[in-house]
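**Student:** What follows is each chain in one-letter form.
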Amino acid sequence: MSEVILVSKSRVEVPISREAASVSPVLRSMLSNPFLEQHQNKIELLDIEPHVLQKVVEYLEYHQRYMLVSEDEDIPDFDIPTEMSLELLLVADYLNI
Amino acid sequence: MFKIQIRSPGSLGAKSAPTFEDSWKIIENAMAMIHEGRVSELSFEVLFHVVYSLTLRKLGGELYHRIGNALEKKLRNVKASSLNVTSTDLLLEILRAWDNHCESLRLISDVTMYLDKVYCKDNRKPFVYDMGLGHFRDIILKASKDQVHSLMVRQINDARRGAVGTDFETLKALVGMMETLTDSNDTYYITEFEPFLLEKTRKFYKTFIDSYSGEIISYPREVQTLIEKEQEVDSKFLNQDVSIKIAKVVESILISENMHFVAERVTPQLLENNKFSDLKLLFALCHAPTDNKKLWKQCSQYISHEGISITEDFSLKKRAQVAVKWITEILELKTKYENLFKSVAEGESTDLKAVNEAFSIILAQNGKRNAEYLAVYIDFMLRSPSVAEDSMRVKLEEAIAIFKFLREKDVFEKVYQQQLSKRLLQQRSSLKLEKHLVNRMKEEVGRSFALKPEGMFRDMSISQTNNSKFQQSYQVPYAFDISVLTSACWPFQQTSSEKEVVLPASLESLKLDYENYYMKSYNGRVLSWAYHLGSLDVGFQFKKSYHVITMPVYAAIIFMLFEDHEEFSMQEIKDLTNIPEHELIRNLLTIAIAPKTRLLKKQPMNKKILPSDRFRINYSFSAPTTKVKVLAVLTKPESDTQPSSRSNDVAQDLTNERKRCVEAAIVRTLKSSQRMYFDPLFELVREAVAVRFQLDPGLFHKSVDKLVEREYIQRDPDDGTFLHYLA
Chain A
1 MSEVILVSKS
11 RVEVPISREA
21 ASVSPVLRSM
31 LSNPFLEQHQ
41 NKIELLDIEP
51 HVLQKVVEYL
61 EYHQRYMLVS
71 EDEDIPDFDI
81 PTEMSLELLL
91 VADYLNI
Chain B
1 MFKIQIRSPG
11 SLGAKSAPTF
21 EDSWKIIENA
31 MAMIHEGRVS
41 ELSFEVLFHV
51 VYSLTLRKLG
61 GELYHRIGNA
71 LEKKLRNVKA
81 SSLNVTSTDL
91 LLEILRAWDN
101 HCESLRLISD
111 VTMYLDKVYC
121 KDNRKPFVYD
131 MGLGHFRDII
141 LKASKDQVHS
151 LMVRQINDAR
161 RGAVGTDFET
171 LKALVGMMET
181 LTDSNDTYYI
191 TEFEPFLLEK
201 TRKFYKTFID
211 SYSGEIISYP
221 REVQTLIEKE
231 QEVDSKFLNQ
241 DVSIKIAKVV
251 ESILISENMH
261 FVAERVTPQL
271 LENNKFSDLK
281 LLFALCHAPT
291 DNKKLWKQCS
301 QYISHEGISI
311 TEDFSLKKRA
321 QVAVKWITEI
331 LELKTKYENL
341 FKSVAEGEST
351 DLKAVNEAFS
361 IILAQNGKRN
371 AEYLAVYIDF
381 MLRSPSVAED
391 SMRVKLEEAI
401 AIFKFLREKD
411 VFEKVYQQQL
421 SKRLLQQRSS
431 LKLEKHLVNR
441 MKEEVGRSFA
451 LKPEGMFRDM
461 SISQTNNSKF
471 QQSYQVPYAF
481 DISVLTSACW
491 PFQQTSSEKE
501 VVLPASLESL
511 KLDYENYYMK
521 SYNGRVLSWA
531 YHLGSLDVGF
541 QFKKSYHVIT
551 MPVYAAIIFM
561 LFEDHEEFSM
571 QEIKDLTNIP
581 EHELIRNLLT
591 IAIAPKTRLL
601 KKQPMNKKIL
611 PSDRFRINYS
621 FSAPTTKVKV
631 LAVLTKPESD
641 TQPSSRSNDV
651 AQDLTNERKR
661 CVEAAIVRTL
671 KSSQRMYFDP
681 LFELVREAVA
691 VRFQLDPGLF
701 HKSVDKLVER
711 EYIQRDPDDG
721 TFLHYLA
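Top line first, the protein sequences correspond to chains A and B. Position 25, counted from 1, in the first sequence is what the working numbering calls 25; the numbers after and before it change by one each time, with no gaps. Position 496, counted from 1, in the second sequence is what the working numbering calls 496; the numbers after and before it change by one each time, with no gaps.
Because the hints were derived from the structure by calculation, they are not lab data. Hints are not guaranteed to be accurate.
Stated by the list, open to error - Each pair of labels, with its calculated beta carbon distance range: (1) B:PHE168 / A:PRO34: 25 to 35 Å; (2) A:SER17 / B:GLU232: 30 to 40 Å; (3) B:GLU169 / A:ILE80: 48 to 58 Å; (4) B:VAL164 / A:GLN40: 17 to 27 Å; (5) B:ARG76 / A:PRO76: 50 to 60 Å; (6) B:ARG96 / A:GLN40: 26 to 36 Å; (7) B:ASN123 / A:PRO34: 23 to 33 Å; (8) A:SER17 / B:SER43: 52 to 62 Å.
What the hints assert, rightly or not - Derived lysine-lysine pairs resembling DSS-like cross-links, with alpha carbons at most 27 Å apart: (9) A:LYS9 / B:LYS58; (10) B:LYS25 / A:LYS42; (11) B:LYS368 / B:LYS325; (12) B:LYS25 / A:LYS9; (13) B:LYS368 / A:LYS42; (14) B:LYS325 / A:LYS9; (15) A:LYS55 / B:LYS117.
Cβ coordinates follow ideal geometry from the N, Cα and C atoms, glycine included.
Using the sequences plus the hints, can you model the full thing?
**Tutor:** Set out below in C-alpha cells:
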C-alpha cells in the first residue's frame, strides 16, 4: 500500500495511505492526474494547522476503514474535539469531504 | 457552566489576498500549459487554492466567465489551424481535437472543482466540464455540421454499397462523441445527426427502389440481402437501440412504402412461378400488420382470379363430365393453396382466410351453375363403385368444403335431391356414404337440409321390409322391388294421369296384390304408381339371340302388347295403354328409333312419331351381350318444347320457394319487432336466408309489396320506408 505525504503549515509531514486520501475528491484528483503532486507523491496544504491536518488524516483513515462496513456492525464514534470544530469544518469544505 | 472556547480558524489563504488579475493570470497560464500537455509542471494544490480563494471572495462568476472565454478562444484557434480541410481528414481532425479537448477539460474541471461545487451549483450554471463541451459543440461541431454529416453519410453509404475500407473506428468514435455531447435536453446525436442520417437513409433506399432493375420475382431476396447488409454495417458503428430506428426506416421504405409494388407485382409473380419459399420470406418481411393484410388480400385476389379463370371444358360431351372436371380443378386449386399457406403462415389465424375468401369469391361467380356442378360432382363420386370408402369420405369432405362456400344452396339442394332420389331408387350408391354425407351437410347448414333426404332413407328401408313380407305372403313369381315413397320427401311430380294406365295382366295382378297387402298394414293411405320411375326386365327370343332387356316400365308395357298382336299404330297403343302422350312418344323413341335399342320397327321409317305410325317387333334385333339395358332417351329440344319448359319448371319452383322463404322471414322478423325501417329489415332477412341463397333486392321488394297487398304488413302513411306489422 503506497503512501502519500501530506504537508501542513510549518512543514509538518503527515503520511497517509493513497486509499484513505482518495476519500477526498480533491485529494483524489490531485493524485490521479499528472500534476506535480502525482510524481512528487507529496501534497502541500500549507494553510492547514498541523494538528488539524492530523485530525483530518485520522478521519480519512477512519472513514476509509468503515466505508464498506454494513450499518449493523458496531462502528465506533469518531471523536471531534469541540474547540477544533470550526477549523475542521473549513478544511472539510476545502477538501470536499 | 463550562466555557468552551472554539478556536477561530486561520482562514485558508485569506492572509494576503492577491488581486483578481494576478490570480487569473495563474489560472490562464495553467490552462495554456494544460493544453500544451505540460501538466506535470503544475501544482494542483496551488491552482485549486487559487480557485478556492477566488470563489470564496465571490469572484466565481468572473472566473467562470473568463474560463469560458479562454476555452472558446482555444477552440477557435484549433478550428482555424487544423479544421479547414475538406476531405475525410476533417473527421479525423475533429476527433483529434475532441480527444485533446476532453483531456484538457477534464484536468481543468478537476482543478475548478470548488468553483463547480460552490458557484455553479448556487447559480445553476453548467459545470465547467459541461460548459467546455458546449463550446466544443458550438464552435467546432455545429460550425462544420453539414460537412461532417455528409462526410459521415458518404462513408456509410459507401459501406452499404459494399465498398471496403470504410473507417468504422472513426465513425464509431464520432457517434460516441455526438452521444456524449448534449444539445437542448438530448444528445447531439439525437437532435442533429440522427434526423439527417435517417433522411439520407431514406434517400439511399428510395434511390434503390426507384432504379430497381433486378427481376421482380427476386425482390424479396434482394430486400433481405439489403436488410442484412444494413444490419451488418450498422452494427459496426451504432448502438443497437439506434440501429433499430434505421432498420425501421429501411423496412418502411422497402416494404411498407413500396407495398404497391410488393403486393401487386411481386406477389402475383411469386405465386405464378410457385416460388413458395420466397413468398414465405416476403411474409416474414411484411410483419407490419397493415402490410401483412395487404399481402394476404393480394394472394386472395390472385387465387380468385386463377379460380375464376378455370373454365368449363365444353369439348367434353356430357354436362356431367364438364361439371366433374370443373369441380375437380377447383378442388385441386384449393388444396394447392391451402397447403401453401399452411406452410407460409405456420399456424397464424389468417392462414386459410385468404384461401377461403378467394374461394367464396370464385364460387360467387355464376353461383347457380356452381351449385349445380357440385351436386353433379357429388353424384358422380357416389356412383363410382371403385373408390374405397375411406378415400371417398375424403373426397366428400372436400366437396363439403366447397358446399360451405355456395351462396345458392337451395339450387344445390334441388339438384342434389333429384340425384339422390335416382341413386336411391336405382341403388347405385352406398347407403352408408349417402347417410354420412347428409349428416355432414346437416352439421354445416342445419336440420332443414336433411329433412327430405332422411325421409327418403326411411322410405327405402321401410319398402325393403315390406317387399320381403309381401314376397312371403303372396308368392310372387317374379323378382320385384317396390318402393313406397312419401310424396313430400321426393322431388317427383305426382303422376296425375286422368286414366289408369293399363298394365299387362301379369303386372296388373302383382299391382293389385301389393295394393291389397299394403292397405292391410297402412289403412287409409293412397298409393299411386309412378311407372315413369321404374324399370322392368323382359326376356325375349329374337331371331338370332335371346336377350334380357331392362327397360322403363312404360316401354315394357308397350313392348308386351306385341305378345298378342303383330302390329299397332301409335294411336292404338295409346288407347290400349292410357300412357300419357309425352311418355308414350318418349318411350317409342327409345325402343323404335334410338339406334342401339331398336326393339320395334316403325313404319314409315323416320325420326318423328305420329299417331298414324305403325309398329311391329324387330325380330332381327341383336346385341353383343345377353343383358341389354334400354335407357330412356331425353326428349330432344327440336322434337318439342318440353326440356326447356322442364328446366323452366325447376327455375320457377326455385323462385317460388325463395319467395316463400323471404316472405316468411319478413313476417317473422317484423312480428318480433313490430315495426322497422326498410333497410335494416333487408339486412335481417338477408342474414336469415343466407344459409340457402343470396337475397336479391328485387325479390325482397316484391315480397314486401305482396305482403302489404295481403295486409300482413303496412307501410307507414308518413314514411313509405317504415313498415308496421299487422297482427
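**Student:** Hint by hint, which ones does the structure fall short of?
**Tutor:** 2, 4, 8, 13, 14
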